[in-house]
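Based on the hints, put chain B in the right spot on chain A.
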Amino acid sequence: MTFQIVRDPVLGEEVWLATTPNGLPLRILPRPKFRETAAVITFQYGSTDLDFEIGGKRITDPSGTAHYLEHKLFEDEELAVFQRFAARGASVNAQTGFSRTSYFFQATSQVRDNLIDLLRLVSKPHITQENVDKERGIIAQEVRMYEDSADYCTTFDLLGCLFPSHPVRFTVGGTVDSIAAITPETLLQSWSLFYRTGNAALAVAGPVEPQEIYDLACACALPSGAPPARLLSHDRGPIGAARRERKMVVARPKVLIGVKDHTSGSDWQARTERAVRTNVVLDSMFATSSPLREAMHQRGEVDDSIAAGFMGDRTFAVTTLGCESENPAAAELSLRRALAQHVEYTDEHIERLRRRHLGGFVRGCESVRSLAFAHSAEQLDGAPPFHTLAILRDLTLASVAARSAEMLSEDRLAVSVTERA
Amino acid sequence: MIAAVEDLHNRFAGFEARMVHGCPLLFRRDQRFKTFRLVIVMQRPLDDSMAARAILPALMQHGSKRYPDRPSLARARESLYGASTGPLVGKHCETAVMRLQAEAVAGEFLPGRPDQFGDTLALLKELTLHARMRLPNFPAELFERERAQFLAESRSIFDDKGLFARQQAVSLACAGEPYAILDHGGEAAIAALDPAQPAQMLTDFMQHGRRFCVAMGALPEDVPNAVGDLLSLLPTVLAKPLTKTLQLTPRAVVRVREHAPMLQAKLVLILRAPVADNVASHCALQAMLSLWGGGTHSRLFREVRERLSLCYSASTSSDIHKGIVLVQSGCESSKVEAVAAESLRQLDELRAGRFSDQELTTVIATITGAIAAIDDSLASRLSFTAGQWLLENDQDPQQRIASYLAVSREQVVAAANSLWLDHDYALLPVEEVR
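Note that the protein sequences, when read in sequence, are chains A and B.
All residue numbers for the first sequence refer to numbering that gives the first Met the number 0, where the first residue is 0 and numbers rise by one.
All residue numbers for the second sequence refer to numbering that gives the first Met the number 0, where the first residue is 0 and numbers rise by one.
Keep in mind that the hints were calculated from the coordinates and are not lab data.
Since this is a predicted model, take the numbers as computed values, not measurements.
From the three backbone atoms N, C-alpha and C, an ideal C-beta is built for every residue, glycine too.
Since no wrong hints were added, every one of them can be taken at face value.
In silico negatives: residues of chain A with every beta carbon more than 12 Å from chain B:
| no. | residue |
| --- | --- |
| 1 | Ala17 |
| 2 | Thr319 |
| 3 | Ser408 |
Under the rule of at most 25 Å between Cα atoms (straight-line distance), these lysine to any residue pairs were calculated in the SDA-like manner:
| no. | chain 1 | residue 1 | chain 2 | residue 2 |
| --- | --- | --- | --- | --- |
| 4 | B | Lys33 | A | Val5 |
| 5 | A | Lys246 | B | Ala259 |
| 6 | A | Lys246 | B | Gln167 |
| 7 | B | Lys64 | A | Leu291 |
| 8 | A | Lys32 | B | Asp29 |
| 9 | A | Lys246 | B | Pro428 |
| 10 | B | Lys334 | A | Asn130 |
| 11 | A | Lys32 | B | Phe14 |
| 12 | B | Lys334 | A | Gly136 |
| 13 | B | Lys33 | A | Ala389 |
| 14 | A | Lys133 | B | Arg301 |
| 15 | A | Lys123 | B | Thr295 |
| 16 | A | Lys246 | B | Arg154 |
| 17 | B | Lys334 | A | Ala179 |
| 18 | A | Lys246 | B | Ala147 |
| 19 | B | Lys334 | A | Glu129 |
| 20 | A | Lys133 | B | Gly294 |
| 21 | B | Lys33 | A | Ile349 |
| 22 | A | Lys123 | B | Ser308 |
| 23 | A | Lys123 | A | Ser223 |
| 24 | B | Lys334 | A | Tyr145 |
| 25 | B | Lys243 | B | Trp419 |
| 26 | B | Lys334 | A | Ala180 |
| 27 | B | Lys124 | A | Ala286 |
The following block holds chain A by itself, in its conformation from the complex (with noise of 0.2 Å):
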């Protein structure tokens, strides 16, 4: 097999790359000085991806169904994935997300036995009437147990508000009655549809042998080719209401601010460029660096409970700025003042702020399981390693200053306020 090898020469990092026969992509990161391994597997298929097509058919699934199906898929005949792991000294779990479900494992010894029982788990599921019924239960509390987090409530509010008709509206996990649909063979459709090479990206970084890594991928058996036709489109459409307000037993009230993004797209050199210019300029007027946030902090107007985030999927983006406050009126008038002031941007600013972001990224170098998970997110993307070290370089600061006159916009704007019962 011959490997194409990207390195960064600053870094010195390396990257080996390579597609099974199968059409399985493969992005091998060899430290070979290290202890540890991590391999992550991940499908482009999270709990948005509700609604898609078969032979002209439109199917609809429960909300909550690709979550469901992480959780069968640490069943199978032996009932013990588990302890598999565990006996060979390997952490192994998954998560699941609006747009992709990873499966991974950590072991320092063993890999090879850990990766065929990786790459197995998600190729053969076990799926009966009754292992669906018994977890049901299980899922309905892990549920409940998002209900009871203000920060998550006030989080899907406020994508209710932003998102009318795009899934990203729904909670992850489902509701405890979305899930009550889902059946055996909600999940093996879902499973047969999603679950194949041309859907997924595997990556192993750790003291690995490249060619050890390929075969063993080539020797998955997840069926091959393309997934089906999803009816997901961006939703780049109007906010669905400007508001929500709900009631729960708070330490304090909270506040959340979203910006609808009407730049989301599937390009990922875009994508991957609108979110670090994003963060940095939220960083400019929200981190402790900021004398804007400084003045806010002074007028008492908000406290260190503020954040600013960034999402921007394929089909979705948006912007959000949020903290806890006794006077939630007040400090939402304060927020929505300051996404509105105008910042002036330097080059020791944006030198700063790049320094910044350059650091962090250099850090997830440290951690095999970052690097794992980075890589196989960035394959599915089909962007290049080393893109946003890149971008990163090239920032300007006439490209930060004009992604922050087209971020901000008060009717993509909507709020959500948690008040104390």
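Showing chain B alone in chain A's frame:
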């Protein structure tokens, strides 16, 4: 003022050791890493000064002689490629510990190869020795702002019902013991803080704290001299003795049921054990706890969650140097008693030795696998080494692995039999949730 310390060198294998200006320094240049990390640890007893100690990191962010306010200090860190410098304060068993930390990307991996180590240490020195909060004219409004923030953060634990239940249960079970003092010192103590106290506690940490320094990663050639400049400026230590952890005897189980508006009940069982005074009993107890509820291989996961579907989560955690073990679960309120009963039934199974050799082998493989990975992370390795020093132990990860491999079935059974149930606490939902 730099001396080789053969004794320390032998104890902390893998590190070079020096005594620098009266402070033990362990360091390891490890070229696998692109970052470096240095920690100066200072340890004092856990007492009613905890609030004044715990608020220190927040107050010390408000500038120094060179950086007059919080934003300018934050900008200095950003310019150092997001370096982190400053103190962390927390509980370690029944002591209060301040960690002065410096962490950054090494200059050789950055454009222009800047002197990141020197500059980051200079920033830590500036922050430690010239913190604005130590000055008599430190603005009262900044102190009040941080006090209000600290109070809000201490109350916000209520929003995480699992953590809140744990805090309530530990406070009740350990009432009267230093361990009951919360990480933030408690709301009443924060409200009663005198503005002068935090600076006094900073001085107390530096003058009387049991002190130790450890560094690892992409370090410069001459670490002792590079670090010596900072250590030479700290006050001479007049260490005061630390109190020993109380040994408790079994007492009648206390059952507590509290209520809060929420959906899912939280169960916390608190068990006590003799404080492990040697490595063998320490490892045996940890192995037993892993077998009982230490992950997806454990009895609690397999029996309580997977076989009986009683809950989403059920696990054990512990501070075995205090002799305290917790079982925590989130479940429907109607299943709280069943989860508690089954959890304790599983403990009885272990007490009776009803577990397979394969289960024990799996537990040891899980624990030793995790320890073997410690050397791959600066944060984990320094935390492990600092933890060993705080507890006056002297094992490196390989020695610790060997100790776990020596754990026998009989030792695990004995460890299970050493536990006794002390508190059975549950936080239950009330109806008018939302």
